[in-house]
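> In case you want the letters, here they are:
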Amino acid sequence: MTKLTMTVNGRSVSGEVEGRTLLSTFLRENLGLTGTHVGCDTSQCGACTVHVNGLAVKSCTMFAQEAAGADVATIEGQAAADGTLNRIQQAFQDYHGLQCGFCTPGMVMAAAALLKDTPKPTEAEVRHHLEGNICRCTGYHNIVRAIMAASGQDVAPVAAE
Amino acid sequence: MYNFDFEQPANIEEAVAALKDEDALALSGGQTLIPSMKQRLNAPTKLVSLTAIDALKGVCPDGGQIAIGAATTHATVAAEATDYPALAALAGGIGDPAVRNRGTIGGSLANNDPAACYPAAVLASGATVVTNAREIAADAFFDGMFTTALQEGEIITDVRFPIPEKASYQKFEQPASRFALTGVFVAKYRDGVRVAVTGASEDGVMRWAEAEAALGTTFSAAALDDLSVSADGLIHDLHGTPAYRANLIKVLAQRAVEAAL
Numbered sequence: 001m002t003k004l005t006m007t008v009n010g011r012s013v014s015g016e017v018e019g020r021t022l023l024s025t026f027l028r029e030n031l032g033l034t035g036t037h038v039g040c041d042t043s044q045c046g047a048c049t050v051h052v053n054g055l056a057v058k059s060c061t062m063f064a065q066e067a068a069g070a071d072v073a074t075i076e077g078q079a080a081a082d083g084t085l086n087r088i089q090q091a092f093q094d095y096h097g098l099q100c101g102f103c104t105p106g107m108v109m110a111a112a113a114l115l116k117d118t119p120k121p122t123e124a125e126v127r128h129h130l131e132g133n134i135c136r137c138t139g140y141h142n143i144v145r146a147i148m149a150a151s152g153q154d155v156a157p158v159a160a161e
Numbered sequence: 001m002y003n004f005d006f007e008q009p010a011n012i013e014e015a016v017a018a019l020k021d022e023d024a025l026a027l028s029g030g031q032t033l034i035p036s037m038k039q040r041l042n043a044p045t046k047l048v049s050l051t052a053i054d055a056l057k058g059v060c061p062d063g064g065q066i067a068i069g070a071a072t073t074h075a076t077v078a079a080e081a082t083d084y085p086a087l088a089a090l091a092g093g094i095g096d097p098a099v100r101n102r103g104t105i106g107g108s109l110a111n112n113d114p115a116a117c118y119p120a121a122v123l124a125s126g127a128t129v130v131t132n133a134r135e136i137a138a139d140a141f142f143d144g145m146f147t148t149a150l151q152e153g154e155i156i157t158d159v160r161f162p163i164p165e166k167a168s169y170q171k172f173e174q175p176a177s178r179f180a181l182t183g184v185f186v187a188k189y190r191d192g193v194r195v196a197v198t199g200a201s202e203d204g205v206m207r208w209a210e211a212e213a214a215l216g217t218t219f220s221a222a223a224l225d226d227l228s229v230s231a232d233g234l235i236h237d238l239h240g241t242p243a244y245r246a247n248l249i250k251v252l253a254q255r256a257v258e259a260a261l
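Taken in sequence, the protein lines are chains A and B.
Just so we're aligned, residue 1 is where the first sequence starts under the working numbering, counting upward by one.
Just so we're aligned, residue 1 is where the second sequence starts under the working numbering, counting upward by one.
Source of the hints: derived by calculation from the structure; they are not laboratory data.
As the structure is a prediction and not an experimental result, all values here were calculated from the model.
It is possible that part of the hints are untrue.
As a list, the in silico DSS-like pairs of lysine-lysine whose alpha-carbon atoms are at most 30 angstroms apart [to be verified]:
1. 38(B) to 20(B)
2. 3(A) to 57(B)
3. 20(B) to 3(A)
4. 38(B) to 3(A)
5. 57(B) to 20(B)
6. 20(B) to 166(B)
7. 57(B) to 46(B)
8. 46(B) to 3(A)
9. 57(B) to 38(B)
10. 57(B) to 116(A)
11. 46(B) to 20(B)
Just need the whole structure built from these sequences, with the hints factored in.
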């Protein structure tokens with residue numbers, strides 16, 4: 001076991017890990033941050049998406065020790081301390097961008113990464129950016145609408161095909 | 001997955017030394033290696049992470065060529081390889097955004113997946129793969145599916161691409177894996193045209209010599225009209241037959257020429 005320290009959602013945390021401990025495992029089991037979901041565990045579905053040093057990564061496909069000393073952001077750090085949702089989370093609620101909610105943490109983190117680099121994406125850019133995030137309920141339309149709305153753009157009452 | 005010792009050296013010399021252990025493996029972005037370890041297709045006793053070595057990172061244009069550090073991520077190449085737009089576009093089309101933030105060019109080349117994108121760029125560009133020990137020409141580097149000229153413990157340090165006059169990579173994407181069902185990279189240099197095909201051959205990435213000769217005479221999509229690709233030795237899987245891939249090679253090569261013009 002190796003002692004590991006990193007910053008998660010602005011707080012310095014540490015724990016004992018094995019070589020094989022995945023970042024997703026460290027977040028969920030060592031830190032109890034179970035908002036990061038593990039869907040496929042094969043880096044296909046994106047439910048485990050978190051930010052490491054500002055970049056979206058699949059936390060099931062990165063070892064915890066690779067994030068030693070890094071600045072990690074998870075879904076738990078997205079809302080304000082008083083529980084006020086951030087603009088992306090609020091848009092997902094307003095535009096019904098989720099059904100079962102399993103993929104939602106990854107969708108929100110992926111969207112946050114997109115809007116950081118591309119504040120006003122086109123609908124095509126949003127759909128392209130979400131290639132690595134799979135949702136089995138919504139058919140994506142409302143997720144795309146929510147992200148467009150979160151970027152401050154008008155959204156069509158009915159999403160385009 | 002089975003447990004292993006994790007090491008993260010700060011320089012190439014330490015990494016080479018750490019890789020001398022039996023059953024030690026180099027870890028770059030891990031986007032292929034980690035899933036394969038979960039499936040126990042790989043079970044190293046030690047992983048040597050290369051991504052903390054700054055000397056292995058960066059995109060460096062230098063006269064008529066561009067050198068890319070082996071541990072440079074696909075996202076960085078997509079953003080910074082502006083001197084070679086077809087290469088930047090290829091990097092920006094690998095996997096998905098989160099995969100591109102981790103996966104690296106050196107990892108992709110060392111793995112030599114038969115459907116990976118980078119081997120097509122390296123072979124079509126006649127690039128040089130530089131390791132801690134030597135320089136390897138692209139034509140001598142790829143040695144069949146998942147096999148390369150790399151020796152045990154040898155580390156790719158950077159890849160040097162001569163910048164072509166015109167180039168394009170066209171990928172017919174397998175939508176679930178986002179690997180190339182077939183992909184064709186066409187690069188036109190002053191002294192000739194090189195055409196590399198990924199995702200099609202059972203021997204991994206390959207050149208299409210007849211197309212190179214035809215395009216060397218006339219660089220137009222029509223120059224390939226009378227050519228056909230043999231289906232012998234092409235991959236057969238549930239996504240496509242050898243004949244389907246043979247047709248894709250020609251179609252994508254013509255699209256690549258059109259896009260390059």
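> Run every hint past the structure and note whether it holds.
Each hint tested on the structure:
1. Restraint check for residue 38(B) and residue 20(B): the C-alpha separation of about 24 angstroms stays at or below 30 angstroms, so the hint holds.
2. This hinted pair checks out: residue 3(A) and residue 57(B) have alpha carbons roughly 27 angstroms apart, not beyond 30 angstroms.
3. Straight-line distance between C-alpha atoms of residue 20(B) and residue 3(A) comes to about 25 angstroms, which keeps the hinted pair within the 30 angstroms bound.
4. Straight-line distance between C-alpha atoms of residue 38(B) and residue 3(A) comes to about 23 angstroms, which keeps the hinted pair within the 30 angstroms bound.
5. Restraint check for residue 57(B) and residue 20(B): the C-alpha separation of about 23 angstroms stays at or below 30 angstroms, so the hint holds.
6. Distance restraint check for residue 20(B) and residue 166(B): the Cα-Cα separation of roughly 42 angstroms exceeds the 30 angstroms cut-off, and the hinted pair is therefore not satisfied.
7. The straight-line distance between the Cα atoms of residue 57(B) and residue 46(B) is roughly 23 angstroms, inside the 30 angstroms bound, and the hint therefore holds.
8. For the given pair, residue 46(B) sits about 17 angstroms from residue 3(A) by alpha-carbon distance, which is consistent with the 30 angstroms threshold.
9. Our distance criterion of 30 angstroms between C-alpha atoms is met by residue 57(B) and residue 38(B), whose separation comes to about 27 angstroms.
10. Taking the CA atoms of residue 57(B) and residue 116(A), the gap is near 24 angstroms; set against the 30 angstroms cutoff, the hint holds.
11. Restraint check for residue 46(B) and residue 20(B): satisfied, since their Cα atoms lie roughly 10 angstroms apart, inside the 30 angstroms limit.
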